[in-house]
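Residue numbers (my numbering): 461 to 875.
None of these hints come from the bench; they were simulated from the model.
Bear in mind the structure is a predicted one, so any value in this text is a computation, not a measurement.
Watch out, some of these pointers could steer you wrong.
Dumping the calculated SDA-like pairs for lysine to any residue here, alpha-carbon to alpha-carbon at most 20 Å [what the hints assert, rightly or not]:
1) Lys-648 <-> Ala-688
2) Lys-464 <-> Tyr-492
3) Lys-584 <-> Ala-688
4) Lys-647 <-> His-839
5) Lys-513 <-> Gly-527
6) Lys-513 <-> Phe-683
7) Lys-464 <-> Ala-624
8) Lys-513 <-> Lys-648
9) Lys-599 <-> Ala-624
10) Lys-467 <-> Ser-494
11) Lys-488 <-> Arg-568
12) Lys-584 <-> Ala-619
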Amino acid sequence: MSNKKLKDLCTARFAVVDGGGRRSREWKLWTYASSRPSDEVYLAPRDCGESLKISMHSKGESQLGLGPNMRGQLASIDRHALDRWRDSNNGEKWRIAYGLYFPYAELRDGPTLESGSFRVPVSKASECTLMLVVISEEKTGPSALISALSSTGDFSLVARLPRASGGEVYLLAGEIPNPSTAIANAKKLLTMPSKIWELPYAMGTDRAFAAYFDVHPMTRQRFALEIALDEFVVPKAPLVYEKFRGTVSAWNAVLLAQKPEVCSLLCIEKDGTERIYVNQGMRCSHENLFTRAHDVLDAFHNDGPDRGWTKRNDGVWMTRLVSPKLAERQWAADPDGRSTGLPGWTYKGPQEGHFIPEDVERNIRENTLSEAICITGGHILYDVSRPQPLLRIGYFDEQLIPREHQFYSSTSVEG
461 MSNKKLKDLC TARFAVVDGG GRRSREWKLW TYASSRPSDE VYLAPRDCGE
511 SLKISMHSKG ESQLGLGPNM RGQLASIDRH ALDRWRDSNN GEKWRIAYGL
561 YFPYAELRDG PTLESGSFRV PVSKASECTL MLVVISEEKT GPSALISALS
611 STGDFSLVAR LPRASGGEVY LLAGEIPNPS TAIANAKKLL TMPSKIWELP
661 YAMGTDRAFA AYFDVHPMTR QRFALEIALD EFVVPKAPLV YEKFRGTVSA
711 WNAVLLAQKP EVCSLLCIEK DGTERIYVNQ GMRCSHENLF TRAHDVLDAF
761 HNDGPDRGWT KRNDGVWMTR LVSPKLAERQ WAADPDGRST GLPGWTYKGP
811 QEGHFIPEDV ERNIRENTLS EAICITGGHI LYDVSRPQPL LRIGYFDEQL
861 IPREHQFYSS TSVEG
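From just these sequences and the hints, can you work out the full model?
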């Protein structure tokens, strides 16, 4: 069998389509790797599979992650998966690895699908199409599984793909009532995110839809919900930014030849103006940023600048806010502060009395979905459920600060 035929055998491209041609985004499911079938299963919107995909691994570990072309342009702290989890087969020979929800009201007019793509037909009477990715250890067929799902909906087989171990992957489709809570959460998140992460470029070419990723509260099943974007305008900044009492400035307004890897820069200008530059290009927890910033500013005004502040030659006082995980990684990579990548900046880790408590460390959940997310274009929008702490570290630039005065200080801002 030729590589092309084998690849086609291990790939299913599909979209939900109604009688009038309205459809969902086109998705792709595949088990093809290194010129042969594998036991790994992958799922992604077809137009952005190189930038974003769901990987369902043979041992039950799965993740929603960015592709290598995207990760290569990110800071090291931001390259980890957006979500990681472990599935359970509950003693069965199969496991439901992922769910995709396509509400009928969110279908839109689009170009005709290619002849090799599966068209999952729906009628106007259908509220929502649920598609399930099921990984089976055997080639027993999907009939028993469809029967087991009968209480959920009337499911049918769309595609079956081979696995290297001899098992199969089934793509099932069924009509169910609208997941109204998830739809409402997705639409709220599109207009009122707690945090926005701006990626270097858009993931994919289809800008008509957003993908909402969450966990079912009862079954703990991971799923993606597709929402049409024609009625939404993604805000430039989360509403939480309005809580800052000073001036919020965009990160691209920072006048530095080499911008540091930090969550934000906090400044007090000569006339007393309090300003914060927010770096939305870093995957930081900005939801509690302004509470922390106000604490630091109040301490400055009440007690004067401590060693975490630096006064530039133009009279501006400046300090930075970073996440503990970012600070720890930078310190681990360069404990002596000799090659931080930022001229004049020396980082020697949290000082005595300003350590990162164990409970804070446990709450830095970089490999779990502690918040729902919505992905559209080059933006990842977060609905943050657990505020995370920020550390403050001094800002230094060898062009502005005499070398003999370059030092490191760290202040832990308590939550």
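Checked hints:
1. Lys-648 <-> Ala-688: holds (13 Å)
2. Lys-464 <-> Tyr-492: The hint holds at about 11 Å.
3. Lys-584 <-> Ala-688: holds (17 Å)
4. Lys-647 <-> His-839: holds (15 Å)
5. Lys-513 <-> Gly-527: OK: Lys-513 and Gly-527 at ~7 Å, within 20 Å.
6. Lys-513 <-> Phe-683: holds (13 Å)
7. Lys-464 <-> Ala-624: holds (17 Å)
8. Lys-513 <-> Lys-648: Roughly 24 Å between the alpha carbons, so the hint for Lys-513 and Lys-648 is violated.
9. Lys-599 <-> Ala-624: holds (12 Å)
10. Lys-467 <-> Ser-494: holds (10 Å)
11. Lys-488 <-> Arg-568: Holds - the C-alpha atoms of Arg-568 and Lys-488 are around 19 Å apart, at most 20 Å.
12. Lys-584 <-> Ala-619: violated (23 Å)
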